[in-house]
Amino acid sequence: METGVERIYREESGRILATLIRLLGSFDLAEEVMQEAFTTALERWPKQGIPANPRAWMVSTAHHKAIDLLRRRSRFESKREELQQIAELEQQLSGADEIMLRHDAVGALSDDRLRLIFTCCHPALQLEAQVALTLRTLCGLSTEEIARAFLVPLPTMAQRLVRAKHKIRDAQIPYRVPPAQELGARIEAVLLVVYLVFNEGYSASSGDAAIRRELCAEAIRMGRLVCDLLPGQQESRALLALMLLHDSRRATRVDSEGELVLLEDQDRRRWDREEIREGFSVVQSALRAGAAGTYALQAAIAAVHAEADHAQATDWKQIVRLYEALLRIQPSPVVELNHAAAVAMAHGPAEGLRLLDRLEGKADLCEYYLLPAARGDLLRRMQQWSEAALAYRRAVALANNEATRSFLSRRLAEMEQHG
Amino acid sequence: MQYLLLIYGNEEAVGKMSKAEVDGILQEYGEFTKSIAQSGHYRGGNELADTSTATTLKMRDKKRLVTDGPFAETKEQLGGYYLVEAKDLDEAIALAARIPSARWGSIEVRPIVPHDMP
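Chains as they are written, first to last, in our numbering: chain Z, 1 to 419; chain W, 1001 to 1118.
No wet-lab data here; the hints were simulated from the structure. Please read these numbers as outputs of a predicted model, since none were measured by experiment. We put the CB at the ideal spot given by N, CA and C, even for glycine. Hints should not be assumed to be uniformly reliable.
Not everything, but these chain W residues come out facing chain Z in the computed CB check (under 8 Å) [said to hold, decoys possible]: (1) I1007; (2) T1053; (3) D1068.
Subject to a maximum C-alpha distance of 27 Å in a straight line, what follows is the list of computed BS3-like cross-link-like pairs (lysine-lysine) [said to hold, decoys possible]: (4) W:K1075 with W:K1063; (5) W:K1058 with W:K1087; (6) W:K1087 with W:K1063; (7) W:K1016 with Z:K165; (8) Z:K317 with Z:K362; (9) W:K1034 with W:K1019; (10) W:K1034 with W:K1058; (11) Z:K165 with Z:K65; (12) W:K1087 with Z:K165; (13) W:K1062 with W:K1087; (14) Z:K165 with W:K1034; (15) Z:K165 with W:K1019.
If we strip away everything but chain Z, and leave its shape as in the complex, we get (with noise of 0.2 Å):
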């Protein structure tokens, strides 16, 4: 069973670090803190009790504790910097389970967490560096948790933690929420880690099972996060949705032996029906408040496909339309792959087939299974089998992962089959 403890590590730690990093100034030594204070939680919780917050308890024992590391250290290195930041942590300490208690009352602790989500989220850091150290800090992965999702050794990941947070220091990275004429730009920084986050964990490439969940779940938890902590901002609510519908059809993407199984053979009635019901509710608010842009049209696909009880109900020329404005704004080969390939269900599939051929030579394709592929499955709803057989062989060829591959095969020998 789980202990108060575990339940207030998996529920509060983010939150109860996020303050810590604001009141220490540093990300090293409030992990640091932070795991002792939990420490010191196991020892004594079980005896005297849960605390009656124990948030303010934890951040009050990690304030003390950062204290008495600060002034074990300055004995031996008696560093001027260390011995006033002790003077100052001394100074916000009086008063400071007063002060926490308060700022729960008025919820200036999401705050915190929202700062963290702008530093960690910063551009001046790597993108990869950005999505792990939002893992690491805000949802609380271990380092190597991390490292197995993005299939990265250890020492990999772990320097790039370690060199993020230094970066964090030396170049000064604030720890504040950008101000309004900066927030656009960076809440789009912040979007786009929330998705690369739940992309990795959604996509079907390789590894752990359970992680891959662990990472859409924290994905949509960062995206609700950062729906409430920033209300009225419209893209947020589209990408939140877009990983719910998305998320909604997780159990039937792959069958029992683990093999692809494409949208149009999903059972449906497996979707996860709450997901696709607040997925809906929230695309539909979001884009009656103009939401418009890229997270918002790939939303209203994905709720457009949650509508159809079956494949064939599918509202193609609605699909089609979405998929043209996508174009508009975010003109990218697979984009355009994905439009042939909706206009091959709604208008046929000669017609898909002609904008596949004005992709053939595309440089950023030519590497790609994803387009051979789809001209393989095009021919085969033609019954040009031995065509459809030649793209399937390209296909298999280019295939990237196991999954794929082994869906591809399959497709390649029932071609040969007819053939």
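Dock chain W against chain Z, hints included.
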């Protein structure tokens, strides 16, 4: 006539030095700085923090493109510098964004390592 003396070196090699070696170099720098101050040549100088703390900024279509790391383009050359006081990296980036060349070139933002200079 004034001249800017730019100091290049291998950060990695410096990082591997012992504390005694680094202290020795710092002392040598202190003596050199003092000597050119006494001879009336000194106008200013600073140690830059490692390139791992650097941020590069470009302005394109009125949008800021901020990236981690030092300026790494070989087709563009160092053309000038500003030394500014800013409360944090965001303020420094905001100042850099107003430098005219940011619109066609790049601005590298590097923290200064605090030392007592003459």
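Structure-based check of each hint:
1. I1007: violated (19 Å)
2. T1053: Holds - the Cβ of T1053 (chain W) comes within 8 Å of chain Z, reaching about 4 Å at its closest.
3. D1068: Nearest chain Z Cβ about 4 Å off; hint holds.
4. W:K1075 with W:K1063: Since the Cα atoms of K1075 (chain W) and K1063 (chain W) sit roughly 22 Å apart, the hinted pair holds (cutoff 27 Å).
5. W:K1058 with W:K1087: This hinted pair holds, its Cα atoms lying about 21 Å apart.
6. W:K1087 with W:K1063: Roughly 22 Å between the alpha carbons, so the hint for K1087 (chain W) and K1063 (chain W) holds.
7. W:K1016 with Z:K165: Distance of about 21 Å is within 27 Å: holds.
8. Z:K317 with Z:K362: Given that 27 Å is the threshold and the Cα spacing comes to 26 Å, the pair holds.
9. W:K1034 with W:K1019: Holds, at roughly 22 Å.
10. W:K1034 with W:K1058: Not OK: K1034 (chain W) and K1058 (chain W) at ~37 Å, beyond 27 Å, violated.
11. Z:K165 with Z:K65: holds (21 Å)
12. W:K1087 with Z:K165: holds (18 Å)
13. W:K1062 with W:K1087: Status holds; Cα separation ~24 Å.
14. Z:K165 with W:K1034: violated (35 Å)
15. Z:K165 with W:K1019: holds (23 Å)
Checked against the numbered hints given earlier, the structure breaks hints 1, 10 and 14 and satisfies all the rest.
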